[in-house]
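*Asks:* Given next are the chains, with one letter for each unit.
2 protein chains.
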Amino acid sequence: MTHPAAAAARTDTPAYDGLAALFQRLHHLEHLQAIVSWDRAAKMPPRGNDARAAALAEVATLMHRLRTEPRLRDDLARAEQEPLSDFQRANLREMRREWLLSNALPESLVQRAQLATARCEHAWRHQRPANDWNGFLGNFREVLATAREEATLLSEQSGLGRYEALMDRFEPGMRCAEVDRIFGAVRQWLPGLIRRVVDKQAHEPVQRPVGPFPVPAQRALGEQAMRLMGFDFSAGRLDESTHPFSGGVPEDVRLTTRYRDDEFLMGLLGTIHETGHGRYEQNLPRAWLGQPVSRARSMAIHESQSLAFEMQLGGHPGFARLLAPLLHQAFGAQPAFEPDNLHRLMTRVKPGFIRVDADEVSYPAHVILRYEIERPLIEGEIEAEDIPALWDAKMAELLGVDTRGNYQDGPLQDVHWPEAMFGYFPCYSLGAMFAAQWFATMRRSMPDLDARITRGELAPVFDWLRDNIWSAGSRWPTDELALRASGEALNPAHFKAHLEARYLG
Amino acid sequence: MTHPAAAAARTDTPAYDGLAALFQRLHHLEHLQAIVSWDRAAKMPPRGNDARAAALAEVATLMHRLRTEPRLRDDLARAEQEPLSDFQRANLREMRREWLLSNALPESLVQRAQLATARCEHAWRHQRPANDWNGFLGNFREVLATAREEATLLSEQSGLGRYEALMDRFEPGMRCAEVDRIFGAVRQWLPGLIRRVVDKQAHEPVQRPVGPFPVPAQRALGEQAMRLMGFDFSAGRLDESTHPFSGGVPEDVRLTTRYRDDEFLMGLLGTIHETGHGRYEQNLPRAWLGQPVSRARSMAIHESQSLAFEMQLGGHPGFARLLAPLLHQAFGAQPAFEPDNLHRLMTRVKPGFIRVDADEVSYPAHVILRYEIERPLIEGEIEAEDIPALWDAKMAELLGVDTRGNYQDGPLQDVHWPEAMFGYFPCYSLGAMFAAQWFATMRRSMPDLDARITRGELAPVFDWLRDNIWSAGSRWPTDELALRASGEALNPAHFKAHLEARYLG
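As you go down the protein sequences, you meet chains A and B in turn.
Those letters in the first sequence? Residues 1 to 505, by this note's numbering.
Those letters in the second sequence? Residues 1 to 505, by this note's numbering.
If we strip away everything but chain A, and leave its shape as in the complex, we get:
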């Protein structure tokens, strides 16, 4: 329709305002998506699944249509010419980024990729326990083929490398050259560090807690730990799911964890990890909620929050002192709950097969291994059938463990590859490095930080994170966020120093 009055009315309204209204609508639809997705993982009975999948597909289609309306190209261009505040300009930058990602891939490819990952992920649930690598390979080749097509198109649009273009979806601005530089350095010192820590800890006996640990007591303990860490229960909840996650929306954060009654640390540390994600979401800039600029900066920055909580604080000797009385209360007195023992327990290093069970020191080895496999995989330098041999060699080299023939605890262990989440893995270790950098910065400005944590004062940590990370949302690109927060871009030296101080100091 080109009625002159309508055209005139349209140019009267700033294009930016129209875009802001569109993104507000998308925010409402994302709310529905987030809550029903949480429900699917945490509450939904099994026979609800087909109807739920259809409802989620409907809202995804609606959102895709809104994000790919042809007039947006022109609206974005016009808005860039309008007078805008700094925050609005940052918001517009994030709008363009979301628009580019939504419009880069033809719908037919997106649908083929979704079908391939749905099939592969569904079969993987049974193939993993059955150690069925060959069965997995049949589906995974198709996942890989569509992921390579996506990488090629994203690369052509952005000028980035193919793997880099996939990684950029999760970690905007991060480049392979930098990951190579950082991981290349870590790979030099990590195997030696792991060996030294394991040797040192062999002389430090640790007493194991004795179960059972009733699930209701674990639930109550988890909520106490979340309160200790400042989670706002008037704007969020803790529930249970097979795989812990942080979901919901900034106004209503839904965390999940899982419990086993013979062990409580897995559930508790999972809860603390997700609480870091949750507090970031709860403290994003509220005045901008609903706009892209209010979102969490990147997945590495998100993981830097969960790891600040789980590793930097959870593994702190002062934190064991805070936790000990809660454990007494939850499970009764045990010698293992003595703070020094508890701290040793929470910082035990033991190279193993499984990434999600890995300690803070050996974790980066798992990530580097995946990066060194998935990048050449996407770039066509290796094929899916080459994975097991590479996996075995790198596990032996980096962690000294033998994984031959054990696919279920090897390349079949993660959901990322069946779900085509190529480019995500680096965020975990980049996040651990950012977390160490944040704590190094805090210690510079608060020399008594460790003493305060040991006295049970966690507020200085949370205040710093809120002022420097949470409240910024996506106001600045990641490099600038890091620079403003800590005086430098990502510097992995802080992570190495942290591990050496904590584990060899």
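It should be emphasised that the hints constitute simulated quantities derived from the structure, not laboratory data.
Be aware that a few hints might be false.
To be verified - Derived DEER-like restraints, expressed as beta-carbon distance ranges:
no.	chain 1	residue 1	chain 2	residue 2	range
1	B	L109	A	S85	32 to 40 Å
2	B	E80	A	P46	38 to 46 Å
3	A	Q114	B	R141	49 to 57 Å
4	B	A21	A	S108	35 to 43 Å
Just so you know, even glycine gets a beta-carbon here, dropped at the ideal spot from N, CA and C.
Given the coordinates of chain A, assemble chain B onto it according to the supplied hints.
*Replies:* Just chain B now, with coordinates in the frame of chain A:
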């Protein structure tokens, strides 16, 4: 767009198929709406409310747009000329009904009405406990004004009376003349029956259960009762909320109840009531899910299911025998759990102020009173300020209780009026009458029905309801559904006979 090829393509596709696809999309959006609405009542933390309200408004707007697309008028007309199966034709009838309701009211009026009810309902939450009738009146006048406007427009469109047109939204096909006839008869015999039952029960001592009744034990008991009544937990859940309800979708039914630890019957009977609603939803015609013809027939038929479970079965002497061992297991042995005592407890008649706490015998008096007030209110024969005097007079006449000055337990007790749900109340008692009619029909074809229930065999009841009510969805208008199920349209004589047999027999 009127490109000739597009126009040709459009007439090639049956209009019915396009409508079916549209209603399938609406079903997906209703799924999102239902699950997040359940979440809001059962799980959402308080600070999530504003974002939730905005997200729900967004999806309501989307659905309204889909239902009011101008081309639907033509599509419906064309579909009515197409060759269709009986089920498709019934589906088309229900589509037209939904389309008429969605298009009858201008959006500005719908928005004004929503604002007025939101304001009134919000203030009512505090005004009710404060017994603040005058404060309520200030907001309620606006609610009434917009409801009268809606009634007038719906009446003009449908040719029904004004109150009738509002009632028709909940109970399609029900007319005021019939309600007048039915309630007019009930109001003749009910006060006398209540007095006789109360006199009779005064000579039948009943032993009260002794609390506390721990909530976890009540929860487990409720789930056992739901299993006993055939609820499918693979396609539904039980949770808690301030006001019990049955929500979710047919594929995933979400029931809620509430608990007090000094009393267990309220929570248990609430659960059994909602289980009746839930089984209806779980057993709607699955082949047609997503289409209007698959929906529950009407609110009176829905209430006939919840009351078949809560009253017809729950108040059956055989049911007390089934329940007794579950109560022993949940709370330990008590003399009050002896089946005969339990049955007396569950059928105790005591006229009181509160509708939702009323027994089966005095309940219709509450409904008749509301009908006799809200109908002239909508039709402009009385004004909002006339309500208390009418309320007091009718409570004295029908139930022999004195409500003067007690607004909080009087006209302020229900959420229906602040929410402008005028025309809903009759469905409760029409549902109780339908439930009695279903059981009378079952007894004709299964003379040993009561003996079987007493032996713990509930399957014949559920099988009959599934075959005659649940699986029919909206295949037939209500009168025809009743005729096919029981050989006659609604006949309130069965309800009177049921009350006399149970309470005076």
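*Asks:* Taking the hints in turn, state whether each one holds.
*Replies:* Checked hints:
1. The hinted window of 32 to 40 Å between B/L109 and A/S85 holds, with their beta carbons roughly 38 Å apart.
2. Distance hint check: the CB atoms of B/E80 and A/P46 are about 40 Å apart, consistent with the given range 38 to 46 Å.
3. Remark: the range hint 49 to 57 Å for A/Q114 to B/R141 is upheld by a beta-carbon distance near 53 Å.
4. Hint check: B/A21 to A/S108, Cβ distance near 20 Å, so the stated range 35 to 43 Å is violated.
Checked against the numbered hints listed earlier, the structure breaks hint 4 alone; every other hint is satisfied.
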